[in-house]
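Engineer: Listed below are the residues making up each chain.
Protein chains: 2
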Amino acid sequence: MFTIIGERINMTRKKIKEKVWERDADFIMLEARKQTEAGATHIDVNAGGDPAKEVDDMRWLTEVVSKATKLPLVFDSANSLALEEGLKLCNRPGTIINSITGEKKRIEDILPLVKKYRTGVIALTMDDNGMPEDYEGRMKITRNLAKIIEEEGIPLDKVYFDHLVRPASTNPGQARFILDAIIATKREFPEAHIALGLSNISFGLPLRNNLNKVFLAMLMAAGCDGIIIDPCERGMMNILLSAQAALGLDEYCMDYISAYRQGRLR
Amino acid sequence: MFTIIGERINMTRKKIKEKVWERDADFIMLEARKQTEAGATHIDVNAGGDPAKEVDDMRWLTEVVSKATKLPLVFDSANSLALEEGLKLCNRPGTIINSITGEKKRIEDILPLVKKYRTGVIALTMDDNGMPEDYEGRMKITRNLAKIIEEEGIPLDKVYFDHLVRPASTNPGQARFILDAIIATKREFPEAHIALGLSNISFGLPLRNNLNKVFLAMLMAAGCDGIIIDPCERGMMNILLSAQAALGLDEYCMDYISAYRQGRLR
Chain W
2 MFTIIGERIN MTRKKIKEKV WERDADFIML EARKQTEAGA THIDVNAGGD
52 PAKEVDDMRW LTEVVSKATK LPLVFDSANS LALEEGLKLC NRPGTIINSI
102 TGEKKRIEDI LPLVKKYRTG VIALTMDDNG MPEDYEGRMK ITRNLAKIIE
152 EEGIPLDKVY FDHLVRPAST NPGQARFILD AIIATKREFP EAHIALGLSN
202 ISFGLPLRNN LNKVFLAMLM AAGCDGIIID PCERGMMNIL LSAQAALGLD
252 EYCMDYISAY RQGRLR
Chain C
2 MFTIIGERIN MTRKKIKEKV WERDADFIML EARKQTEAGA THIDVNAGGD
52 PAKEVDDMRW LTEVVSKATK LPLVFDSANS LALEEGLKLC NRPGTIINSI
102 TGEKKRIEDI LPLVKKYRTG VIALTMDDNG MPEDYEGRMK ITRNLAKIIE
152 EEGIPLDKVY FDHLVRPAST NPGQARFILD AIIATKREFP EAHIALGLSN
202 ISFGLPLRNN LNKVFLAMLM AAGCDGIIID PCERGMMNIL LSAQAALGLD
252 EYCMDYISAY RQGRLR
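Protein sequences appear in the order of chains W and C. Its first residue numbered 2, the first sequence is counted upward by one per residue in our numbering. Its first residue numbered 2, the second sequence is counted upward by one per residue in our numbering.
Think of the hints as simulated: they come from the structure by calculation, not from any bench. Wrong hints could be hidden among the right ones.
Note that the list lumps identical chains together, so a pair holds whenever it fits in one copy or between two copies.
Unchecked claim - In silico SDA-like pairs for lysine to any residue, Cα to Cα no more than 25 Å straight-line:
| id | residue 1 | residue 2 |
| --- | --- | --- |
| 1 | Lys-187 | Tyr-136 |
| 2 | Lys-141 | Gly-249 |
| 3 | Lys-187 | Met-140 |
| 4 | Lys-187 | Gly-249 |
| 5 | Lys-116 | Pro-156 |
From a predicted model like this one, the values you see are computed outputs, not experimental measurements.
The whole structure should be built from the sequences, with the hints applied where relevant.
Structural biologist: Structure, rendered in structure tokens:
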């Protein structure tokens, strides 16, 4: 199964922050439903509007979002108290914690929750030295994290690596090594998953949707089996269905053809 | 440079055959101009409407098309007489013969023309045993062809391999090995080029443009540096510019940004 984490309910976005602080449940529920209908498999919930209010906002958001959708949630925070507040209220099969990194403190804070609640976990390829700007650096962190996670007795099929895409405009050639890192990760740790936040690729460029779409197709050809996106973004689900058909992941293109018959392809 | 061979002027298409036999030069010239304006780097000319008329039709088509565009032509035939008729009339820098295969007779007929006129040549990965339906078979022919071509003293940068895409609907998983064959070909023969006819991927499926576009993005991530397409097909040039930007082939996305400013991106 391809993991599609809907990223819209994120309090670092101004509009969402306002609506959460107004406790506008209708607005937030609509955001959850729109993403569910668009084809998301998970709904990300980020309550990071203000550190002082995060635990409280996470509780409210979890209650509201879990009423609006049956999908599992992705609890998105570096604060273990906020994460646990959400997990206590809603821990459906497929729930994911977003995220650990290679940073020692973050591992110590958050990995116990992954074990206790038996959730999945997104692992970002950065560590106490920052974010390495090359293939070898990201793979080194990938391997370290896989080792730590396995030593904790967490099966690797619970892990979703995010190799941290940077903007093509300022980091030329970086997409190439991200693709190579995905190929290597799936070869070395075939049970592990990928959950890549892809829209950063187009940061600072016009018509960002163009770049997001081609990069999604490239990621899928490299073996990427999960992404964090706005599933309502024009054409993204089209690319997903078309890429699965082209790659033979959708055998005899049956999903593609039925999506067409249902009017879901354009 | 990325090679974009415009495929529209092909007499196996009913409309083109009719117009050529009516000697409708205006229609054919417009086909050449439309492809040139859309961004083609080469114009394919296929006069294969009727074997008895092919040499004559190739002469007429070459005269007409070479008047309409300054681009180099791609002479598309298995008939060496038709190929030479075209080459005598128009052999601009960049001209390509389309095509040889691993078939003994075809090599003997056509490779002498490649040498005599110092053209490029498209090499299809099939031979006297037909078209192999796996990665190993296609790579074996690729290697054989590279060897034969080098032994004839033709530099490999004159060669454009076409790994023969088959429909995703009937050959699931075939796109995967085509991508792998491109990666291997560019690794083993870095000077050689690719010129893949990509639209076959979507044969028999609805909304073919969707599959053609995602497959183009995947091909480019695999290192493909040339395609045979209809450059007027909606969105194809968008994908090309976006993929080059994403992959860092268009450094700092300058081509992408200037295409946007000129209104060539949508």
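Engineer: All the hints need checking, so say for each whether the structure fits it.
Structural biologist: Hints versus structure:
{"no.": "1", "hint": "Lys-187 x Tyr-136", "verdict": "both (15 Å within a copy, 20 Å between copies)"}
{"no.": "2", "hint": "Lys-141 x Gly-249", "verdict": "between (31 Å within a copy, 23 Å between copies)"}
{"no.": "3", "hint": "Lys-187 x Met-140", "verdict": "both (11 Å within a copy, 24 Å between copies)"}
{"no.": "4", "hint": "Lys-187 x Gly-249", "verdict": "both (18 Å within a copy, 23 Å between copies)"}
{"no.": "5", "hint": "Lys-116 x Pro-156", "verdict": "within (10 Å within a copy, 60 Å between copies)"}
Consistency with the previously given hints is maintained throughout, with no hint failing.
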